[in-house]
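Model the placement of chains A, W and S on the given structure of chain L, informed by the hints.
Residue numbers (this note's numbering), protein chains in the order written: chain L, 1 to 346; chain A, 1 to 346; chain W, 1 to 346; chain S, 1 to 346.
In case anyone wonders, no lab produced these hints; they're calculated from the structure.
Among these hints, one or two may not hold up.
Claimed, not checked - Some chain L residues near chain A, calculated using beta-carbon distances under 10 Å:
1) C6
2) T11
3) L17
4) G30
5) Q65
6) M232
Every value quoted in this text rests on a predicted model; they were computed, and no experiment measured them.
Each residue gets a CB set at the ideal place from its N, CA and C atoms; glycine is no exception.
4 protein chains.
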Amino acid sequence: MYRFECDYSETCHPAILERLSDTNFYQTPGYGEDEFCAAAAAQIREACSLQENSCSVHFMIGGTQTNLTVIASILRPYQGVISADSGHINAHETGAVEATGHKVLTVPTKNGKLTAQDIQSIHDAYIGDATKDHIVQPAMVYLSWPTETGLLYTKAELTEISNICHTFGWPLYLDGARLGYGLMSPACDLTLSEIARLCDVFYIGGTKQGAMLGEAVVFSNISLSYGFRSMMKNRGGMLAKGRIIGLQFQTLFQDNLYFRIAKQADQYAMVIRDAFANRGCAFLYPSQTNQQFPILPDSWLKILEQNFAFSFWQRVDAQHCAVRFCTSWATQDNAVQQLVKTIERL
Amino acid sequence: MYRFECDYSETCHPAILERLSDTNFYQTPGYGEDEFCAAAAAQIREACSLQENSCSVHFMIGGTQTNLTVIASILRPYQGVISADSGHINAHETGAVEATGHKVLTVPTKNGKLTAQDIQSIHDAYIGDATKDHIVQPAMVYLSWPTETGLLYTKAELTEISNICHTFGWPLYLDGARLGYGLMSPACDLTLSEIARLCDVFYIGGTKQGAMLGEAVVFSNISLSYGFRSMMKNRGGMLAKGRIIGLQFQTLFQDNLYFRIAKQADQYAMVIRDAFANRGCAFLYPSQTNQQFPILPDSWLKILEQNFAFSFWQRVDAQHCAVRFCTSWATQDNAVQQLVKTIERL
Amino acid sequence: MYRFECDYSETCHPAILERLSDTNFYQTPGYGEDEFCAAAAAQIREACSLQENSCSVHFMIGGTQTNLTVIASILRPYQGVISADSGHINAHETGAVEATGHKVLTVPTKNGKLTAQDIQSIHDAYIGDATKDHIVQPAMVYLSWPTETGLLYTKAELTEISNICHTFGWPLYLDGARLGYGLMSPACDLTLSEIARLCDVFYIGGTKQGAMLGEAVVFSNISLSYGFRSMMKNRGGMLAKGRIIGLQFQTLFQDNLYFRIAKQADQYAMVIRDAFANRGCAFLYPSQTNQQFPILPDSWLKILEQNFAFSFWQRVDAQHCAVRFCTSWATQDNAVQQLVKTIERL
Amino acid sequence: MYRFECDYSETCHPAILERLSDTNFYQTPGYGEDEFCAAAAAQIREACSLQENSCSVHFMIGGTQTNLTVIASILRPYQGVISADSGHINAHETGAVEATGHKVLTVPTKNGKLTAQDIQSIHDAYIGDATKDHIVQPAMVYLSWPTETGLLYTKAELTEISNICHTFGWPLYLDGARLGYGLMSPACDLTLSEIARLCDVFYIGGTKQGAMLGEAVVFSNISLSYGFRSMMKNRGGMLAKGRIIGLQFQTLFQDNLYFRIAKQADQYAMVIRDAFANRGCAFLYPSQTNQQFPILPDSWLKILEQNFAFSFWQRVDAQHCAVRFCTSWATQDNAVQQLVKTIERL
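This is chain L alone, in the form it adopts within the complex:
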């Protein structure tokens, strides 16, 4: 069985295990105040073209934890966060944002992407409401890059969103669980530094991109990070051995490892995409990142399931389903070859 069902089926890049072994008995202070974290933060700042005194980098455990902590840290109690209704915080986190007391203000989208116009409309509806004390005040914007649908906001789109957010004084928060797969996509016209500049806070995903666990939160707007370490502890998100996350990012951001492994995963995804396209398949979303959503006849699914794991996404019609194939830093060449061969023979 070759597993393409998600991008977190294996443990981590071998370079991380190697470095863990090398440093295992080296003693450090706890809670992220160690030299591994310090070094990783410096590497991340450099990769983002950020200065030490104007940003703040924190290492957290996982995506849901990061999202709920960042959002609860920024909003006042009667404020909400704008998200596409397919956004991870709305659809797949068991109400974690609501558990912090905040409403997710959702926008229906066709493909998982917010637009500046969506944000403008929410703003105008709020401002125009005569009873605005009775409705949740929109106060920050959440988006994923890539989205849950594998798509990217272009530089023009993200700039427009950033501008409108800043016009309204609403922090823009970018969930980068798969940030590397986005940056290495052939469809990408943004750099990490541009993302850092356009957003107020974002996270660089580790869990799905080579690390065992861990996400690096970057406040490029440092004024939003006041008290963030207290907030991390308050929500159970401060790891005693914070060093193990620092060390992983240190490893991933050395010699561009983070980007090299993401690029290879994207390339494998394109190979799989082409294989399905060559057989005439349509796709639910035109993704050029590591997640592919081909629409397949039910009869094909039965055959593919024999040797490959993938995710059911949604039924499209009586004979077809959309499914998801993911590649990752760990995808093996022979697994892709086997999959392609199988597709060719369907």
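Only chains A, W and S this time, still in chain L's reference frame:
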């Protein structure tokens, strides 16, 4: 510099790194539904003499996360949890329990240990209060074993507490961040199975006892665990690669590794204790676990600080402070020898 | 200016002020444990055909307070409440439910009414989701009767919803802010006793139906009311002088006052409805309760605004808006006559 | 039976009922945006010597609601509020502050009064803690004036507390549930304007001082009031018919009614105090406000209970209890005379 300041200064037991390497590219489902977690749960059930259908085992990330999730999962909104005022949830978790909406009902103690009488008194005060709708309803009991002061509840004490909790219908929750160090202490007269039987829910600490991260929550009262996986996700405590925690507990509970390394740490602690005692030092608490709290003249501190890291605890008088020395699974023999030699020459 | 903009523009029915005067210096215990509250609860139980030992009646302050307290009292932390997206808890309470930690699981509706099929679909989607630990668990159903759109669930509809809720074990909660206006509507085929039987918990609105303030929460499923008084205090919803709410309901439920004044308000609403219908107006919703939603040309609005206050609801097309006219227990005959005359001359 | 058990046993001052009758059918907008509230706010500002553009006045329902809303509105999630351990928010509100996510940081006191030194100590402990990310950050100060023990902070004491709060940047919040009884006490050396100047936010109690319900929140530091109306709605504390609270404060602040009725209640309390003192009784607290805490032999209690209601406070020794007698705006002269006669004959 030899570090005795805490029990989480290093990464993890080498056997864990070895097994991580061996299984690195092995593919599993995410979120703790993998065979490593299943195997570890089985080993833990066996060590606790619990049956699969009458208990529930979950792998979480860290202590604060575990405490807040378990407590918020059990209490109704107007209920509180009883704790010694020195209890970790009250003193060192940045209000994480309160952030879930619940009051910590504290009891002042001399040495960090609750008594059955304390619990009885809180019960009686509540029952006897004519305005009980106006006060927080006590509804569960939290204690640490060992306590933050390194002490153990005896079998008689824990039995008495368990009995009174069950009389009142209040779940008893035991924080076992250092459970192994307790079980291997010369002062211990309890077994893991007895703890499992006396408590409704407890956790077996990994972070401070050989793991990189991770705590194993055991509901020996399975009826309290309904919906707990949803609760874990809701609080950001469900790791995508849950397997890495499962694998660590699998390793630690194989061939009694967990207990062997704890025993050695306790023995080193006793050596350090004896060294101070031989010099006539008093101790803040009569701990026989891996944390030692000698009361030392300020002049000695200056000398010790040159080569050893340890924690300041509290000032005792104008010339003396209580400090904490911790051993752990990672403590090296030569570090202890150096420390003992230094103490002898003070 | 005659005000038809809402049903809470005046203070209260004169019979209440009279009884307040009569009893002003009579001394009672506080916090709802007085004889006015006891008497009112008995009258309400009788009106609902409920027995004292199988239900629980509580007097609260206002609708939002009542909704948040009831919902937070019933749900566990990872659970959510199903509501029409136009439901008051979702649209007009500034995130009060989310502030208690819970997601409102919304259903888009054309007219503000949930259907049993909506509830079935949410259930099936949840049960069918392979990753249900990652989504909010639906666990109770909220609906308004009448709805915010002035409509009523019929006996058949409410029975079907009640049945499906009970099949799933989900409490059914009915927001009766305008319950009397519903019960007295010509479109109503339900009795108060039937509502009590079909729902698990509901409230009988006072604020909009003759009281200064106050809503009577009725748990016809008494098992859900455990600890509710503690919950009321915990959320700031327990009034020191609870007697003033008890007294108001006592007055309203004596000699059917509650129903008589609601009936008259509905009749006035029908007169206004007919006046608009006679001029060929369409209505946004076919309401037969005290709220009417005619769709009017903009030119008419200008004229009406000169002497009448009413609420803007939504723009329908370039020349027309839907607006809301409310009647209430306080509506004066001459105000209605003036309005009708004005409509006839538009 | 004459009731001295609390100060909320009757409905309200007759002048309020009269004005309610006079204005009953007068139509106003809802939610506190009416002319009664506007007029009352103006009267309160004048009484406090505050300018319209530098303060913000809001009318809320009750004390617990007010406390939880003000505190949750000011604190960030990892911050706590300092209170005497006998403070109402800590002891008698069923965990309402914790339900908003915040820890109450308690200070043991002998008589219910915080000192500037207490606040300094909490500050110093926090600042001096090397692990301050792990403890709740103190960030505001709550005190009652009068305290739950009937005592007053003097001008010197409150000034010292105010100064230290402002040094640390911590808002000072004064719970004035019985503010009038304090201001009219022979022990009072503060004016309302001075209180307004020394505090950042406080409330003027209505419920216990002549109103049916209602408390007037005054932000003399207007910068803390941003979004407060949204916050009120978010916590269920915004009354649809806000006018009824506005009207009550309008009545109470006309012709000094609020102060005149408080003064009389205090005078009656002094009469009762003197009667007990003349019999040689000691008092638990040296209160000169409307609550008196005589320490009485058990045998006396039995006699007093026959005709008088009062509150048990605490057992003092095997033969004596402290009890509480309250006077209020509603206390009748003959009730006091009967009580005094009874005391004289004990």
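Comparing the hints with the structure gives:
1. C6: holds (6 Å)
2. T11: Check passed: Cβ of T11 of chain L comes within 5 Å of chain A, closer than 10 Å.
3. L17: This interface hint holds because 5 Å falls under the 10 Å limit.
4. G30: With a minimum Cβ separation of about 5 Å from chain A (threshold 10 Å), the hint on G30 of chain L holds.
5. Q65: holds (3 Å)
6. M232: holds (9 Å)
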